[in-house]
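A.B. asks: For reference, the chains in residue letters:
4 protein chains.
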Amino acid sequence: MKANPGKKSWYIPDAYLPSSGLGEKWEGHESVCVLNVGEQDAILTFILYFEDREPITIRDLRLAARSNRHIGMHKPEQLCGVEVPRDVPYGIAVESDQPIIVQYSRLDVTQPNFSLMTTTPYSE
Amino acid sequence: MKANPGKKSWYIPDAYLPSSGLGEKWEGHESVCVLNVGEQDAILTFILYFEDREPITIRDLRLAARSNRHIGMHKPEQLCGVEVPRDVPYGIAVESDQPIIVQYSRLDVTQPNFSLMTTTPYSE
Amino acid sequence: MKANPGKKSWYIPDAYLPSSGLGEKWEGHESVCVLNVGEQDAILTFILYFEDREPITIRDLRLAARSNRHIGMHKPEQLCGVEVPRDVPYGIAVESDQPIIVQYSRLDVTQPNFSLMTTTPYSE
Amino acid sequence: MKANPGKKSWYIPDAYLPSSGLGEKWEGHESVCVLNVGEQDAILTFILYFEDREPITIRDLRLAARSNRHIGMHKPEQLCGVEVPRDVPYGIAVESDQPIIVQYSRLDVTQPNFSLMTTTPYSE
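Residue numbers (UniProt numbering), protein chains in the order written: chain A, 1 to 124; chain B, 1 to 124; chain C, 1 to 124; chain D, 1 to 124.
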């Protein structure tokens with residue numbers, strides 16, 4: 001088993017948080033899912049990039065050693081209080097001080113059915 | 001944080017723009033989502049490949065430094081006026097003069113429900 | 001622009017061709033989408049792997065230079081006459097004599113709605 | 001054709017097994033799809049990582065030479081009897097003693113429609 005697998009930089013060009021689909025039983029959402037297989041806690045920074053506004057930086061997100069988190073981009077309490085703007089296309093860079101693995105997923109409930117998508121982002 | 005992450009060449013073999021799903025509240029579409037984390041503006045070229053016709057080249061698409069765009073393949077105004085043919089399977093090569101990151105997504109509304117898919121394309 | 005991008009070997013562990021969803025307006029299907037950006041025609045071999053039967057090899061699939069094809073796993077006429085078994089989990093190895101790029105997608109219509117999924121397979 | 005393609009370590013940060021969607025014609029589920037193109041049988045270990053509990057290790061999963069399996073995370077009989085907790089976000093590390101290829105997919109039927117997602121996980 002590898003001691004410290006993963007990468008420190010991950011990039012997600014297709015992020016989007018719809019304002020529709022709120023108030024239902026299941027809220028539409030995006031998750032940045034992060035896995036730390038190593039023995040060191042990791043400190044993460046998210047940088048949000050937009051077409052026509054300045055980037056937003058969210059610092060000091062914690063990912064314990066040997067743990068996994070699904071961080072919801074619609075939950076300010078998981079993002080140091082930052083509210084991600086709704087209905088605005090954006091992209092996310094994830095920087096970590098330890099090697100981690102990232103997967104990005106979206107659940108859309110704009111219409112009554114569920115629609116899921118997921119990808120393993122580009123990393124360096 | 002990396003100064004200039006990404007690759008200059010990305011390849012999407014499964015592109016498809018349906019003619020159905022138009023005229024509804026939400027139009028079915030494909031997006032080539034592009035992220036430029038670097039400090040230099042990027043100039044992009046899209047080359048569309050087909051089974052039995054010549055490739056189509058779309059030049060001079062702009063992606064500002066430190067920005068993110070979701071380029072809609074159904075929007076000629078975002079593609080230097082090029083109209084992508086409907087209902088024809090094709091593939092896309094994205095070439096950039098600066099390293100960028102690409103993600104490809106499709107929203108299908110051929111039937112009343114939403115269906116989403118996304119992937120991080122192959123890059124070199 | 002790169003002269004000959006891609007890889008010669010691609011691997012898709014999650015392939016599945018449902019028998020349901022037939023006879024409707026839209027047939028559920030899987031596509032192995034292949035892109036040849038180079039100047040040489042490519043010859044492809046598909047090898048199908050199963051849990052408890054021998055692999056099936058499909059030889060001599062053609063992909064012209066500078067072209068793109070969406071090869072339907074439900075269409076024997078695109079697979080040298082091979083009928084892929086329905087309702088059986090399998091995996092696909094794609095071998096090419098030229099570098100190519102592959103993307104795998106599935107459209108499921110087991111229930112009346114559409115559901116799409118796609119991924120960029122592992123390559124070597 | 002490559003003799004022994006793949007990697008020995010694969011990482012899936014977005015795993016989730018819903019308790020809803022049970023008892024219907026089609027059960028919602030996750031599959032870890034594994035492909036062994038080589039001539040040696042492979043022995044796999046799954047390690048499940050959580051946000052706030054200890055990892056769970058599932059040892060001694062078998063993948064025969066030149067075969068493919070779709071391992072269902074909702075089927076204890078395929079996981080040496082381990083019952084994966086429902087409704088809990090988690091991540092999966094797959095370790096193999098031989099190079100293999102992995103793809104992760106989920107079928108969600110929380111609502112009556114199907115929703116599929118898939119990705120090729122990060123590997124080392």
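Some clues are possibly wrong.
If several chains are the same, the list does not tell them apart, and a pair holds so long as it fits within one copy or across any two.
Under the rule of at most 16 angstroms between Cα atoms (straight-line distance), these lysine to aspartate or glutamate pairs were calculated in the EDC-like manner [unchecked claim]: (1) K75 to E39; (2) K2 to E95; (3) K8 to D87; (4) K8 to E27; (5) K8 to D41; (6) K7 to D97; (7) K8 to D97; (8) K8 to E95.
Please keep in mind that the hints were generated in silico from the structure rather than gathered at the bench.
A.B. asks: Does each hint fit the structure? Answer for all of them.
C.D. replies: Now for the hints, and whether the structure bears them out:
no.: 1; hint: K75 to E39; in the structure: neither (27 angstroms within a copy, 30 angstroms between copies)
no.: 2; hint: K2 to E95; in the structure: between (21 angstroms within a copy, 9 angstroms between copies)
no.: 3; hint: K8 to D87; in the structure: neither (28 angstroms within a copy, 29 angstroms between copies)
no.: 4; hint: K8 to E27; in the structure: neither (30 angstroms within a copy, 37 angstroms between copies)
no.: 5; hint: K8 to D41; in the structure: within (13 angstroms within a copy, 24 angstroms between copies)
no.: 6; hint: K7 to D97; in the structure: within (9 angstroms within a copy, 22 angstroms between copies)
no.: 7; hint: K8 to D97; in the structure: within (6 angstroms within a copy, 25 angstroms between copies)
no.: 8; hint: K8 to E95; in the structure: within (6 angstroms within a copy, 21 angstroms between copies)
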